[in-house]
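> Listed here are the chains, written in short residue letters.
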Amino acid sequence: MLKAEHLTYIYGAGTPFERRALDDISFSVQAGEIAGLIGHTGSGKSTLAQHLNALLKPLSGRVLLDGTDIWDKKDARNARFQVGLVFQYPEYQLFEETVYKDIAFGVKNKGVDEADGKRRQPTESELDISVYSAMDFVHLPRELADKSPFELSGGQKRRAAIAGVIAMMPKVLILDEPTAGLDPQGRREILGHIKAYRDATGASVVLISHSMDEVARLADSITVLSEGKTAMSGTPRAVFGRADELEALHLSVPAFTKVFRLLREMGVDIDDGCYTAEAAEAELLRVKSAVSRGAGEETC
Amino acid sequence: MLKDITLGQFFPGNSPLHRMDPRFKIVLVMVYIVVLFVAKGIYAYALIAAFNALAMALSRIRVRLLLRGLRPMLFIVLFTAILNMIYVSGEHVLVSFWVITITWEGVYAAAYMVARIVLLISATLLLTYTTSPIMLTDAIERLLGPLKKIRVPVHEFAMMMTIALRFIPTLIEETDKIMSAQKARGADFESGNIFRRAKALVPLLIPLFVSAFRRADELALAMECRCYHGGEGRTRMRVLHAARIDFLALAVCAVWFGGVITLGILL
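Sequence order for the protein chains is E and Y.
The opening position of the first sequence corresponds to residue 1 in this note's numbering, with each subsequent residue numbered one higher.
The opening position of the second sequence corresponds to residue 1001 in this note's numbering, with each subsequent residue numbered one higher.
Chain E with its partners taken away, still in its complex shape (with noise of 0.2 Å):
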């Protein structure tokens, strides 16, 4: 689907101020994939990002999406229609007079393919169901559609950029820190909106973030970068099993992995690969019924 092949990118190239910030670096996620980026600040995350949809152009190295190279074309922006990215506190680029002109500015500008391979203005009625679509997407009521977006509320805010980039509907969806800066409710909702995207389109997610929790309970695979290197990737089974490799890269594991490691240090026979509430759930219910077992068999 989309897969970046040596990436090498370099800011400041000549300054004084050079510094390296993706080294040789490769990435990939499948058609419905929710692939998880993580990594301390200044690890390359975002720079990362900015390479998958065209935004920056790799010294070295290559971005393929569907199998072509995105600046084979002529036109590398189209494919910033195909890989739609969220940035950082989103909310920041609102800028129209109402959040529906807002959401809309996308679409407008990715416009409309026709049979004949040219592009048109979206009409009226495609508008109204791209933008409205978008904002069903991450929950943001209708009504909402005429206010000006400075009157809305952080997290509303927030939504309101989020569905600026769903509403082009794009194959793949990166978000940067989606989450920062969000109480524990508005987390777990703009999660659920990025999953409910993936499942009703099935497209692929890179969802970029530092907290593991949030990447462990979504994420199909994950990738850690440690100063533009990629420092391990695979299954968050996998990942999460390395935890002494993460505590040395200033990262931590799930809540849930660190109790169960505790635990089975402590002597219990659990597995420690679990990373999700269910999963746990499920190991802790195993385990207490095999101990009662185990003690119901000693006493008799």
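A couple of the hints might just be wrong.
[Stated by the list, open to error] Footprint (simulated), chain Y over chain E, 3 or more residues, beta carbon under 8 Å:
#1 44-55
#2 89-95
[Claimed, not checked] In silico BS3-like cross-links for lysine-lysine, where the CA-CA straight-line distance does not exceed 30 Å:
#3 Lys108(E) - Lys1148(Y)
#4 Lys1177(Y) - Lys73(E)
#5 Lys1148(Y) - Lys101(E)
It is worth saying that the hints were derived from the structure and are not from the lab.
Note that the coordinates shown come from a computational prediction; the quantities given were computed from them, not determined experimentally.
Each residue gets a CB set at the ideal place from its N, CA and C atoms; glycine is no exception.
Using the hints provided, position chain Y relative to the given structure of chain E.
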């Protein structure tokens, strides 16, 4: 794109020029400018150019960066040169066609002006390249200190300048970020005629202004929380001290500039 702006940018370093007291640097640059305009004749200019080259070498800043800072001035330099060539009249005609006559005197005047502008800009660039904005405003505040006697709010001006300078990189970064975010939604800043481009800036400018006002608000609040009430009775964390290197520079410059002026008088 925006990060290419180097005019007035500071490059950290530890060269003799970096270590000098900013007050001395400002005064010396001012004297240098006066000397530049007083100087007459090719030898005087050669001497100034040599001084300039020495200062650049001492600053240990790469020549390429210095040249890049001059680039935005290219238009003004060319414009002045062409105007001088066309409008300065003289006896020794070089070429003459239609209504345009170019004389030797014109070419001479043009070369003069170009040398003057380039030497002027490169010296001031060197000042901002080797002095952090904070040091610069500190020095300006100290140099303008006597004006406080006649109730000029020097401290407030300096604080405003410091804040403005402090926020230039932040706003540039912010602009970059918003620009990328709008590009990600398909905004096109690079094509179309001037009206289309101006209109394309709306999605950039509105969020930028909103966030600039928000930042200003937050900063004002933060300053008040820490009991900021202007310059009255305020002491400094970093007090400027003139050191040996500053007096050395002063002496070198005095001799050099004296030489330039006498050269102008003698020849």
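> For each hint, tell me whether it holds in the structure or not.
Now for the hints, and whether the structure bears them out:
no.	hint	result
1	44-55	holds (count 3)
2	89-95	holds (count 5)
3	Lys108(E) - Lys1148(Y)	violated, 57 Å
4	Lys1177(Y) - Lys73(E)	holds, 25 Å
5	Lys1148(Y) - Lys101(E)	violated, 52 Å
In the structure shown, a violation is registered for the earlier hints numbered 3, 5, in ascending order.
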